[in-house]
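Assemble the dimeric complex from its two separately framed chains, guided by the hints.
Listed below, chain by chain, are the residues.
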Amino acid sequence: MATDKYYVPESSPWPLTASIGLCMTAVGGAHFIQQSTMADMAPSFSGKPLFFLGLAWLLVVLALWWRDTIKESVGGLHSNQLGGSYRQGMLWFIFSEVMFFAAFFGAMFYTRWLIIPWLSGEGSGAMTHELLWPNFQAMWPLTETPDGTTTTPMGAWGLPAINTAILLVSSVTLTIAHHALLEGKRGTLILFQAATVVLGVIFLGLQALEYVHAYDMGLTLDAGIYGSLFFLLTGFHGAHVTIGTIFLFITLIRVLKGHFSEDNCFAWEAGAWYWHFVDVVWLFLFVTVYWL
Amino acid sequence: MSTAAATHDDHHDHHHAPTGLKRWLFSTNHKDIGTLYLWFSFAMFLVGGFMAMVIRAELLEPGMQFVDPEFFNQMTTVHGLVMVFGAVMPATVGLANWMIPLMIGAPDMALPRMNNWSFWILPFAFGILIFAVLMSAFGAGNPSAPNFGWTFYAPLSTKYGPASTDLFILSVHMMGISSIMGAINVVVTVFNMRAPGMTLMKMPLFVWTWLITAFLLIAVIPVLAGAVTMMLTDRHFGTSFFDAAGGGDPVLFQHVFWFFGHPEVYIMILPSFGIVSAIIPAFARKPLFGYASMVYATASIALLSFVVWAHHMFTVGMPLAGTLFFMYMTMLISVPTGVKVFNWVATMWRGSLTFELPMKWAIAFVILFTCGGLSGLMLAITPVDFQYHDTYFVVAHFHYVLVTGAIFSIFAAAYYWLPKWSGVMPSKLLGELHFWNSLISANLLFFPMHFVGLAGMPRRYADYALQFADYNFWISIGGFWFGLSQVIFLIVAIRCAMKKGEPAPAKPWEGAEGLEWEVPSPAPFHTFDTPPVIK
Numbered sequence: 007m008a009t010d011k012y013y014v015p016e017s018s019p020w021p022l023t024a025s026i027g028l029c030m031t032a033v034g035g036a037h038f039i040q041q042s043t044m045a046d047m048a049p050s051f052s053g054k055p056l057f058f059l060g061l062a063w064l065l066v067v068l069a070l071w072w073r074d075t076i077k078e079s080v081g082g083l084h085s086n087q088l089g090g091s092y093r094q095g096m097l098w099f100i101f102s103e104v105m106f107f108a109a110f111f112g113a114m115f116y117t118r119w120l121i122i123p124w125l126s127g128e129g130s131g132a133m134t135h136e137l138l139w140p141n142f143q144a145m146w147p148l149t150e151t152p153d154g155t156t157t158t159p160m161g162a163w164g165l166p167a168i169n170t171a172i173l174l175v176s177s178v179t180l181t182i183a184h185h186a187l188l189e190g191k192r193g194t195l196i197l198f199q200a201a202t203v204v205l206g207v208i209f210l211g212l213q214a215l216e217y218v219h220a221y222d223m224g225l226t227l228d229a230g231i232y233g234s235l236f237f238l239l240t241g242f243h244g245a246h247v248t249i250g251t252i253f254l255f256i257t258l259i260r261v262l263k264g265h266f267s268e269d270n271c272f273a274w275e276a277g278a279w280y281w282h283f284v285d286v287v288w289l290f291l292f293v294t295v296y297w298l
Numbered sequence: 003m004s005t006a007a008a009t010h011d012d013h014h015d016h017h018h019a020p021t022g023l024k025r026w027l028f029s030t031n032h033k034d035i036g037t038l039y040l041w042f043s044f045a046m047f048l049v050g051g052f053m054a055m056v057i058r059a060e061l062l063e064p065g066m067q068f069v070d071p072e073f074f075n076q077m078t079t080v081h082g083l084v085m086v087f088g089a090v091m092p093a094t095v096g097l098a099n100w101m102i103p104l105m106i107g108a109p110d111m112a113l114p115r116m117n118n119w120s121f122w123i124l125p126f127a128f129g130i131l132i133f134a135v136l137m138s139a140f141g142a143g144n145p146s147a148p149n150f151g152w153t154f155y156a157p158l159s160t161k162y163g164p165a166s167t168d169l170f171i172l173s174v175h176m177m178g179i180s181s182i183m184g185a186i187n188v189v190v191t192v193f194n195m196r197a198p199g200m201t202l203m204k205m206p207l208f209v210w211t212w213l214i215t216a217f218l219l220i221a222v223i224p225v226l227a228g229a230v231t232m233m234l235t236d237r238h239f240g241t242s243f244f245d246a247a248g249g250g251d252p253v254l255f256q257h258v259f260w261f262f263g264h265p266e267v268y269i270m271i272l273p274s275f276g277i278v279s280a281i282i283p284a285f286a287r288k289p290l291f292g293y294a295s296m297v298y299a300t301a302s303i304a305l306l307s308f309v310v311w312a313h314h315m316f317t318v319g320m321p322l323a324g325t326l327f328f329m330y331m332t333m334l335i336s337v338p339t340g341v342k343v344f345n346w347v348a349t350m351w352r353g354s355l356t357f358e359l360p361m362k363w364a365i366a367f368v369i370l371f372t373c374g375g376l377s378g379l380m381l382a383i384t385p386v387d388f389q390y391h392d393t394y395f396v397v398a399h400f401h402y403v404l405v406t407g408a409i410f411s412i413f414a415a416a417y418y419w420l421p422k423w424s425g426v427m428p429s430k431l432l433g434e435l436h437f438w439n440s441l442i443s444a445n446l447l448f449f450p451m452h453f454v455g456l457a458g459m460p461r462r463y464a465d466y467a468l469q470f471a472d473y474n475f476w477i478s479i480g481g482f483w484f485g486l487s488q489v490i491f492l493i494v495a496i497r498c499a500m501k502k503g504e505p506a507p508a509k510p511w512e513g514a515e516g517l518e519w520e521v522p523s524p525a526p527f528h529t530f531d532t533p534p535v536i537k
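Residue numbers (the working numbering), protein chains in the order written: chain A, 7 to 298; chain B, 3 to 537.
Same shape as in the complex, but just chain B (with noise of 0.2 angstroms):
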């Protein structure tokens, strides 16, 4: 299809792409939006990759080395945030920008001005929050960064919290809102600017995986500012939600928390679903296996995660009743999340498979996840949750969803489409050394802590029994060595943007499918002025 690259000139020339750093500051255009977007939340995963470090340094011996306990909370509270809403979302956010208009035929976002807007308030935002951690480290009377967990439990946050909480508070609105127009734009995106002939049921998985997440995040990030407001109002206007001498409950806090918490990690993870099923039938060269019956589980997924909220409180006390309806529906959610694991390996059966670097995060993340689900499917039984909860099993459990899951999918994604984007090919090289020392790294890191946290080790704590001195060595080990392999990435993508590498054809890899790979490689500044033919 080539209306893209023609009709651009005759239809557009009082457009062109704006140039210098207006063309970034001022965007309103998707692919740079997403670009910026992928940039930003790398550069966050540094950042919070660095103080992972910091928790691994003081951890590779028993005793305290590096930091006082005081700033180790902090870093572990900062890193858990950084990553979750400065990494994860908004390199699932600029995946959404790059590929949802390429992959449905439109031609940009269906609001772009305010795409622009959700991005621009995410460098503020964390500006704020990693300034209280630099005046943390080095201010003058090293005031205190957030200290209570990524979670910010009342009493924690609230009666104990320090004086940096309220520009945490504040900071959450900002991504909050962020993330609603984000959300709102990819939703009314996938449903307002399709190319005719584009119906719901020939989208790719990506735009539905990330249409549903979508609607998760217009569901329960309200709910995450409601839950700060009060934690304000408790602060400093003398209300008693999370204090139970005024006839609130610090339970409350938790209630209200994870009913945004726990969506929130389907928000993380399915997008990557919907990745992984782009690249498998492209390197197995079949259809995806049971497309609507992904779509189906998908939405099942997302429907149910409204009500397994309080599977992360088992040990805080609830009537029977609430727990076993928490337990089981926390279980069913494997039902749909098993289909789509046999339908990924499904599709690779009997395919002709070939393992380039996209197809190797891809079969990685199939694995991995399905690794850190079936720990969560341990977590959920209640009565042995009451042995691994805070413990290092729980560590273990959401970073292989999170990392060897949501990261190796992103990191999937970003080699299948680096091409697209650049219009280099990434080195396969560099490539193959960033995944496998990833996969060895990731594995020494976060395989250790099951049984670290099986043992009876808990989280959060910045020095530990002398029995569990030797696996944290190792898993010290493999996070430095986790945290250095990501360098290689960097090394890539700078490569990529400076077009350094073999130049990409429209389509780099054989069995993909989809309409961003009918335009070329790199994709041009608009695409689709006139509406695709979808066959």
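With the rest of the complex left out, here is chain A (with noise of 0.2 angstroms):
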């Protein structure tokens, strides 16, 4: 541990004003959710340019504060012990994002082996199956709900197969961009890393692309619980592929200004982290949404 000296950055302004951002955007998100969703709601205040200007405030401080930090960083003021503490710290943010996931796979797992069964009346649903839905019958992807809506399912193998592909390539694209990194072959990296963001707005093109053949074919975020789990858990999975992408997109910028060298590539190596995380995502997606 490099203990001589201790960096503690300077009182900043950010923390505050994101939280105001944050404010703005949760308040006029509630009542933009309402008035768009809800016939009835009287509005006391249109909720819609609020999100909005509290989104763009957010977004507009977070950039001031990473331009803060990468300062520093460029600036030699960051230790090899605040390095350790960014890393432990994105791993751990990772770990949490594997927790909201989780209650999303979580729930899915619960429909699919408790709740169809116990509605078709397997165990102790036998009679709110015969009194509620006595024509229901357990199957998934679960095509004909309980109350009549059906749907058809999404197969596995055409768009969703070769989107397995493309982010198995971008694994593969972004591990040579890294080794390139460390070994300062300024060419590969970059050739590579462009490749990564390339294949991550394809995905993201590919997925838009699905998510029209699915309400064209039947299958909505409101057509039951299949369609509920299935854009829920692909739609968190592309909001984080888009998140990943812009922020490989913004280390490639910082690799084309030069911010990183071998042992000073912290922000670079988040954001591999977190595209490889999205990646593991994605397999349990296509495994267990998709396929299985």
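Take the hints with a grain of salt, since some may be wrong.
Stated by the list, open to error - Simulated coverage check for chain B against chain A, where a stretch passes if three residues somewhere in it have a Cβ under 8 angstroms from a Cβ of chain A:
| hint | region |
| --- | --- |
| 1 | 37 to 50 |
| 2 | 156 to 169 |
| 3 | 192 to 203 |
| 4 | 257 to 267 |
Claimed, not checked - Below, in silico cross-link-like pairs of lysine-lysine (DSSO-like), each with a Cα-Cα straight-line distance of 30 angstroms or less:
| hint | chain 1 | residue 1 | chain 2 | residue 2 |
| --- | --- | --- | --- | --- |
| 5 | A | Lys263 | A | Lys77 |
| 6 | B | Lys24 | A | Lys77 |
| 7 | A | Lys77 | A | Lys191 |
| 8 | B | Lys24 | B | Lys501 |
| 9 | A | Lys263 | A | Lys191 |
| 10 | A | Lys54 | B | Lys501 |
In case anyone wonders, no lab produced these hints; they're calculated from the structure.
Predicted model, so just to flag it, every value in this text is computed and none were measured.
Even for Gly, the Cβ is constructed at its ideal location relative to N, Cα and C.
Structure, rendered in structure tokens:
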């Protein structure tokens, strides 16, 4: 541990201003959602402008905050110890993201293994089945809900399989870029990181195409529990791929500006870890949501 | 050790304590942020306490007196939310901020700016929640504040939730962001910022318990975020997570919620175990009995807390194998908890005991927390839980562990470390008044709840059957008495903040151990610029 001198940053206005942005986003968002989904909501004020203002505010503040951090890093103020703090912090953050997805995966397995059989009369569900929905049959994907809504499942071997291949390849290109960074091969690094970003964008485009296709064939968010789980799991994954792509794009710009060296590349590695995390989540998604 | 004060000037002359409003608003200093957390949590304690006073006023007599049942439901709901997320959790985070860097010889928390962000999210998140209550009490048309209980079960909070539920959902998301960042900061500080020689098994137990608490927070707060997200999409985007007609299940909500909710109760109590494990050895003038077993017991409790959640749901209906599993796992938790209680008692055994204020609170904690633990053991037994479920017996149980448990230990911590924070000794007279009034009134308030609960009085109702009238009268008297007693602490704290009182030496408690007592009182703005030597 390099402990001869610790670095404690100067006081900073960004935490407080970011909180204000978050608050505007939350208050605006709650009203915006209500006003756009409930016809009878009498608006005391319109949530939409506040929501977007808050979001923009938050993004600007975070950008300024990270600019400060980047300046400190480039200015050589970061010690190995601070680098360790950042690294550990990022790993625990990814762990918290894993647990967020775990909530939705848990909901899916609870639905598949317990709710659906019970609704079809297994175990203690016999009377519920008999009295409420005697025609309901257990199946997965659930193409007909107890109240009779029907939907079509999304097959695994079309776009989803292509997307799986894209993410797997992107993991390989990113790893090649990582090795190039550590070995100081700038050309390879830029080439393969740019390739990873492009693959991320292609993934997102195909995912959007898949959603359009899903809505065309009747797989919608409100088509029962299968649609709910399908769109929340893949939707949150897509949101994370978007964040990861932006992350990699920004570190690519920083590579072009010459910010990283093999012993000062925390932000680059954090982006890479994040990317591998969204890859792994996708593999679970592909196997459990699309395939089995 | 004078390194901290001595090296301060020459090492950090560019980095003096900022002054005025900027010092508090833009802080990157763990002590200032800790102070903010502690004042915020005490303010929330008073706000949540005021709501409890409304509840107890309505229940003073049978029949409807002051508020209508709809508003009563909002009071029980927001009282619970404010106390759990606004009072207890931020108080322990405040203690962590103040004490962990001092205890492990670090100059500050590992990520000081993120630390400040964790704090500043909270006033906004609770501002949103309290705004909903004020609108309900005084606003045009009185739109309802959240009214579904602090556990916000679906479908009460989805299909039947008031419009303010969406504000509630987003404020919970904000509290979650704050908690996760705060917890990441603690874990990283403990793993990465310890002074050389401060090995893990030399760390004070408060640091250990907070490390494990932080792990629990990072693991379960995202699950809570998942739960409220599913609520939001069920309410507005037509999903069917908690709707059986679409193939979901309202019971799924309870599973997701309690997967968060049970570790959450340990999040609130584990730091208390750490506090008491610091105070009892100091006033027994003996090292803590069974230090290593305390560490392992804390870790066991934390791991077991992930596999007991459905004991909150015995009456909901579950396969027999599930019921038995959750019952036995719950009972198993009493083993490591028992290890702790016996260790505290063994620490006091044949010690040179003195009963200064922190010790009084700590001993009250050990006895009354054990009382709450035993009623928890009763609740864990599935067949009898069918009788206790949703009665005042449950209310008695969790107020024993949370008020006479968590909050008593937080007061113990405040009296123990106030000299270090403020540089003056808290008033003995006021402290004694605060302690004895709180102790007697809390038991008057919560103990009879066991009896009315066993006799069948359900929780969360604005009215009750006549046979419960006498007990409820005394419960309410105890409630008002306990509420007023806390004003004494407000005076104690303000006096310390204004430096009124006897000046405190660096180590005001003769038997106290730890690095925090080796820096002057009040602790200087920056401590341990260079790492201290650990013997």
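Coverage of the region 192 to 203 of chain B by chain A (three or more Cβ within 8 angstroms)
Holds: 5 residues of the region 192 to 203 of chain B have a Cβ under 8 angstroms from chain A.
Go check the region 156 to 169 of chain B versus chain A for me, would you? Three or more residues, Cβ under 8 angstroms, otherwise it fails.
holds (count 3)
Hey, Lys24 (chain B) versus Lys77 (chain A), does the alpha-carbon distance stay inside 30 angstroms?
This hinted pair holds, its Cα atoms lying about 22 angstroms apart.
Hey, Lys263 (chain A) versus Lys191 (chain A), does the alpha-carbon distance stay inside 30 angstroms?
Measuring from Cα to Cα gives roughly 15 angstroms; hence the hint holds.
Hinted pair Lys54 (chain A) and Lys501 (chain B), Cα distance within 30 angstroms
Violated: Lys54 (chain A) and Lys501 (chain B) sit about 48 angstroms apart, past 30 angstroms.
Taken at face value, is the distance from the CA of Lys501 (chain B) to the CA of Lys24 (chain B) at most 30 angstroms?
Holds, at roughly 22 angstroms.
Are 3 or more residues of the region 257 to 267 of chain B near chain A, judged by a Cβ distance of less than 8 angstroms?
holds (count 3)
Straight-line alpha-carbon gap Lys77 (chain A) to Lys191 (chain A), limit 30 angstroms:
The given pair, whose Cα atoms are some 24 angstroms apart, holds under the 30 angstroms limit.
Verify the coverage statement for the region 37 to 50 of chain B against chain A, using a C-beta to C-beta distance below 8 angstroms and requiring 3 or more qualifying residues.
violated (count 0)
Please verify whether Lys263 (chain A) and Lys77 (chain A) have alpha carbons no more than 30 angstroms apart.
The given pair, whose Cα atoms are some 13 angstroms apart, holds under the 30 angstroms limit.
Comparing the model with each earlier hint shows violations of hints 1, 10; every other hint is respected.
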